[in-house]
Amino acid sequence: MITEQEYRVALELIEQYVIQQNQEIKYKRTHLIGIGLKRGDYVRFIGGSDSKYLIKGNCYRLTGEPFSIFVSIIGENGKRKQQKQSFFERI
153 MITEQEYRVA LELIEQYVIQ QNQEIKYKRT HLIGIGLKRG DYVRFIGGSD
203 SKYLIKGNCY RLTGEPFSIF VSIIGENGKR KQQKQSFFER I
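Using this note's numbering, the first residue of the sequence shown is number 153, and each one after it goes up by one.
Check the hints yourself; a few may be wrong.
Below, computed lysine-lysine pairings styled on BS3-like, alpha-carbon distance capped at 25 angstroms [as the list claims (entries may be wrong)]:
(1) Lys-231 to Lys-208
(2) Lys-233 to Lys-204
(3) Lys-190 to Lys-231
(4) Lys-204 to Lys-236
(5) Lys-190 to Lys-233
(6) Lys-190 to Lys-236
(7) Lys-204 to Lys-231
(8) Lys-208 to Lys-190
(9) Lys-236 to Lys-208
(10) Lys-208 to Lys-233
Derived CB-CB ranges, DEER-like [stated by the list, open to error]:
(11) Asp-193 to Glu-228: 14 to 24 angstroms
(12) Lys-204 to Thr-155: 31 to 41 angstroms
(13) Gln-168 to Ser-220: 27 to 37 angstroms
(14) Glu-228 to Gln-173: 16 to 26 angstroms
(15) Asn-174 to Ile-226: 19 to 29 angstroms
(16) Arg-232 to Gly-188: 15 to 25 angstroms
(17) Glu-158 to Lys-190: 20 to 30 angstroms
(18) Ile-154 to Arg-191: 49 to 59 angstroms
(19) Asn-229 to Leu-165: 31 to 41 angstroms
(20) Cys-211 to Glu-156: 42 to 52 angstroms
(21) Thr-155 to Asp-193: 47 to 57 angstroms
Derived by calculation from the structure, the hints in this document are not laboratory data. Being a predicted model, the structure only gives us computed values, none of them experimental. Beta carbons are placed, not taken as given, at the ideal position from N, Cα and C, and that holds for glycine.
Put together the whole structure using the sequences plus the hints.
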């Protein structure tokens, strides 16, 4: 059994880790509009979405050109999804 003090220290470490991970994702975020991506090209998911149909580090095929702040991709379940561009990077 852990003490309350040990619990608070562990919780603080976890919170710091989550903050660090979010900062790394924000640092990597790029926009995909205007860099010549077209239907059939692949982009890599870098995180930021809690979708169960996207796996961090996997590549996904575009079903159309990026538009506004979204991209259309084929997810892990084989269906078309629209996600924010900031969750992806060009390969």
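(message) Check the hint pairing Lys-190 with Lys-236 against an upper bound of 25 angstroms on the C-alpha distance.
(response) Given that 25 angstroms is the threshold and the Cα spacing comes to 16 angstroms, the pair holds.
(request) Verify the proposed pairing of Lys-204 with Lys-231, using a straight-line Cα cut of 25 angstroms. (result) holds, 13 angstroms
(request) Take a look at whether the Cβ-Cβ distance between Cys-211 and Glu-156 falls inside 42 to 52 angstroms. (result) With a Cβ separation near 45 angstroms, Cys-211 and Glu-156 satisfy 42 to 52 angstroms, so the hint holds.
(message) Given the hint of 31 to 41 angstroms, is the C-beta distance from Lys-204 to Thr-155 inside that range or not?
(response) holds, 36 angstroms
(message) Taking 47 to 57 angstroms as the stated bounds, is the beta-carbon spacing between Thr-155 and Asp-193 within them?
(response) This hint holds: roughly 53 angstroms between Cβ atoms.
(request) Measure nothing beyond the straight line between the CA atoms of Lys-190 and Lys-231; if it is 25 angstroms or shorter, mark the hint as holding. (result) holds, 18 angstroms
(request) Can you let me know if the beta-carbon spacing of Glu-158 and Lys-190 is within 20 to 30 angstroms? (result) violated, 54 angstroms
(request) Starting from the hint 49 to 59 angstroms, judge whether the C-beta atoms of Ile-154 and Arg-191 obey it. (result) holds, 53 angstroms
(request) Using the beta carbons of Asn-174 and Ile-226, state whether their distance is inside 19 to 29 angstroms or not. (result) Holds: the Cβ-Cβ distance is about 27 angstroms, inside 19 to 29 angstroms.
(message) Checking one constraint from the list: CA of Lys-208 to CA of Lys-190, max 25 angstroms. Satisfied?
(response) Given that 25 angstroms is the threshold and the Cα spacing comes to 22 angstroms, the pair holds.
(request) Decide if the proposed pair is consistent with the structure: Lys-204 and Lys-236, CA atoms, cutoff 25 angstroms inclusive. (result) holds, 15 angstroms
(request) Could you grab the alpha-carbon distance between Lys-190 and Lys-233 and see if it respects the 25 angstroms cut-off? (result) holds, 16 angstroms
Going down the numbered hints, you'll see the structure goes against just number 17.
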